[in-house]
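For this one, chain A is given, so just place chain B on it according to the hints.
For the record, the sequence lines run as chains A and B.
Position 177 (the first sequence) corresponds to 177 in my numbering; numbering is contiguous.
Position 47 (the second sequence) corresponds to 47 in my numbering; numbering is contiguous.
Worth flagging that the hints you see were computed from the coordinates, not collected in a lab.
Even for Gly, the Cβ is constructed at its ideal location relative to N, Cα and C.
Fair warning: there could be bad hints in the mix.
[As the list claims (entries may be wrong)] Residues of chain A placed beyond 10 Å of chain B at every Cβ, according to the derived structure: (1) 23; (2) 42; (3) 63; (4) 103; (5) 122; (6) 177.
[What the hints assert, rightly or not] Distance windows between CB atoms, simulated: (7) 11(A) <-> 19(B): 15 to 23 Å; (8) 18(B) <-> 142(A): 54 to 62 Å; (9) 25(A) <-> 89(B): 14 to 22 Å; (10) 198(A) <-> 25(B): 23 to 31 Å; (11) 54(B) <-> 9(A): 42 to 50 Å.
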Amino acid sequence: MKQIKNFFTQEECDWFLWYDTVLPETRDNGLRFQTMCYFEQPFFSRKLTQLQEKLPNNEQITTVNINHDYGAGGIHSDGYLPGQVDTAIANSYLIPIKYTGEEPYYTLVFKQSSDLAITFNSEIGLGSAGITTYKQTTRQEYGLDSSPFDEKYYDYLTHLDYDKLSGFTVDYVHSWSLGTAMTWPRSRFHVSANFSGQYPRSSVLILTRYI
Amino acid sequence: MIDLQFKGSGTPFYSIEKLTDTHIKVEFFGKNYKTNPEDYIIIENIYYKDLLLNELFEYTTMTTDNADYRNLTNVNYISFNGIWELKFTQEDVKAILRKKLT
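The shape of chain B in the complex, shown without the other chains:
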C-alpha cells in the first residue's frame, strides 16, 4: 500500500521490504564512496493507498554505514548505504489530512 517514487544518479541499488500496510524498509547498498562519492538517490514522493502524503517523511528514519551520520530522521536524500524505514499509523494519516484540510 506504500508506494515510493525514486530518482537519482549513479550506482546505488535498493531493495524494498514491505513489512505491513504501514511499515516499509528500504535497504540502499552498493555505493562506492571512493570511486563514486557523488552518487545519490532521492525519494521524491510517498504514496499511501494512492494518496500523495509526503508529510510521511516525518515518520522516516535511516541507519547508515557512516559513523558521523549513523542515525538520521526525516530522510528523503540518500547518499549513504544503509536502511531507510517508514512506519506510521492510521492515526498519523488522519492527523496529516486534518492538518491539510482544516
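If we strip away everything but chain A, and leave its shape as in the complex, we get:
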C-alpha cells in the first residue's frame, strides 16, 4: 500500500481528459461515467509503453479505464473476472486526473480480500449501481463475521449503512492528490469515501498482473 507522487504530470492528466473526449463510448454505471482506454489496440502502443515504464518490471497492465465519479461506490475487489482465472493478479493504481481540492476525497482499503472480482454493492444497499462486470456477493457467501466496524472510520462511509460494514477492517486510508497514484493489491476490498458530487472528480484506473 503506497502512494506514488507525480505518477502523472499535469500534461499527462490533461492527455487522458482529452483522450476521453475522442473515444466513441462512455458508459454510465450508475455511480460514474466510465471509458475503456483500449490499451491493447495498436494505436495506443506508444502510450502503453509510457504507462508500462512507470510500473515495476514484473507487472503487466491488464486494464486501463477513465472514470468520472458522481457518486460514492460500494465495497469491491478488482480481482480477476469470472471465467478469466488469473492467479497472478498484482496491483491497482488509481490516479486522480481531475481534482480541484475543494473537497477532500479518500479511498479506503480493507484487510479483507478476494482474488475474484466481487462486490457487496447490493448487500450494502447500492443495488446494481456501480456494477459493470463484477459478481455480486453477500456477507454470508463471503463469510464476513459480525464484529462491529471501527467507528472512527465511519465518517468516511456515511453513504453506507453502519451495520452492513460489520466484519470489515480498514487497513489504509488513501487521500487523493492530483497525479499521485494510490496503490493496493488488486485482491483487497476497497471503497470510495462519501463525497458531495459538487466538484469534478476524474481518475485513471490501471490494473496489473505479475509476469
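Okay, now just chain B, sitting in the frame of chain A:
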C-alpha cells in the same frame, strides 16, 4: 502534437513547420531529378498526441514541382520536391477512432 516517422534513401531534405496542434507542413527539397531520380522519402507513421493514427494520411495533400503531379492527396511516398500538408480537426480524430472501435 503531430509526430511523423520518416524513412528513405538519398538526398532529399525536409523541414517541418508546425502551424497548430492539428496542422503541419513539411517542405521536401534538394532532390536532383537528373543525378538521383530514385531518391525518395516515406512517411511511415503519423502520431497525434502519441496515438498512432495513419488514417490521417487521408487528410494530407502535397503540391510538387512536377507539372504532371502538381497536386496530390493521401500521400506517404515522397518522390518530388514540394510541400506536404496535414490538416484535420478533433472531429476527424473522433471519426477515426469510432471507425476503429465500433
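Hint check:
Not every C-beta of chain B lies more than 10 Å from that of residue 23(A), the closest at about 6 Å, which undercuts listing it as non-interface. For residue 42(A), the non-interface assignment is contradicted: its Cβ lies about 6 Å from the closest Cβ of chain B, within the 10 Å cut-off. Every beta carbon of chain B lies more than 10 Å from that of residue 63(A), the smallest distance being close to 16 Å; the non-interface claim holds. Distance check for residue 103(A) against chain B: the nearest CB is about 30 Å away, which clears 10 Å, and the non-interface claim stands.
Look at residue 122(A): its CB is around 31 Å from the nearest CB on chain B, clear of 10 Å, so calling it non-interface holds up. Consistency note on residue 177(A): stated as away from chain B, and its beta-carbon is indeed over 10 Å from all of that chain's, at 24 Å minimum. As the Cβ distance of residue 11(A) to residue 19(B) is approximately 21 Å, the hint placing it in 15 to 23 Å holds. Between residue 18(B) and residue 142(A) the Cβ separation comes to about 56 Å, which falls inside the hinted range of 54 to 62 Å.
Taken as a hint, the range 14 to 22 Å holds for the pair residue 25(A) and residue 89(B), whose Cβ atoms sit roughly 20 Å apart. The hinted range of 23 to 31 Å is not satisfied by residue 198(A) and residue 25(B), whose Cβ atoms lie roughly 46 Å apart. For residue 54(B) and residue 9(A), the hinted distance range of 42 to 50 Å is not satisfied, since their beta carbons lie about 27 Å from each other.
Hints 1, 2, 10, 11 from the list above are not met by this structure, while the remaining hints are.
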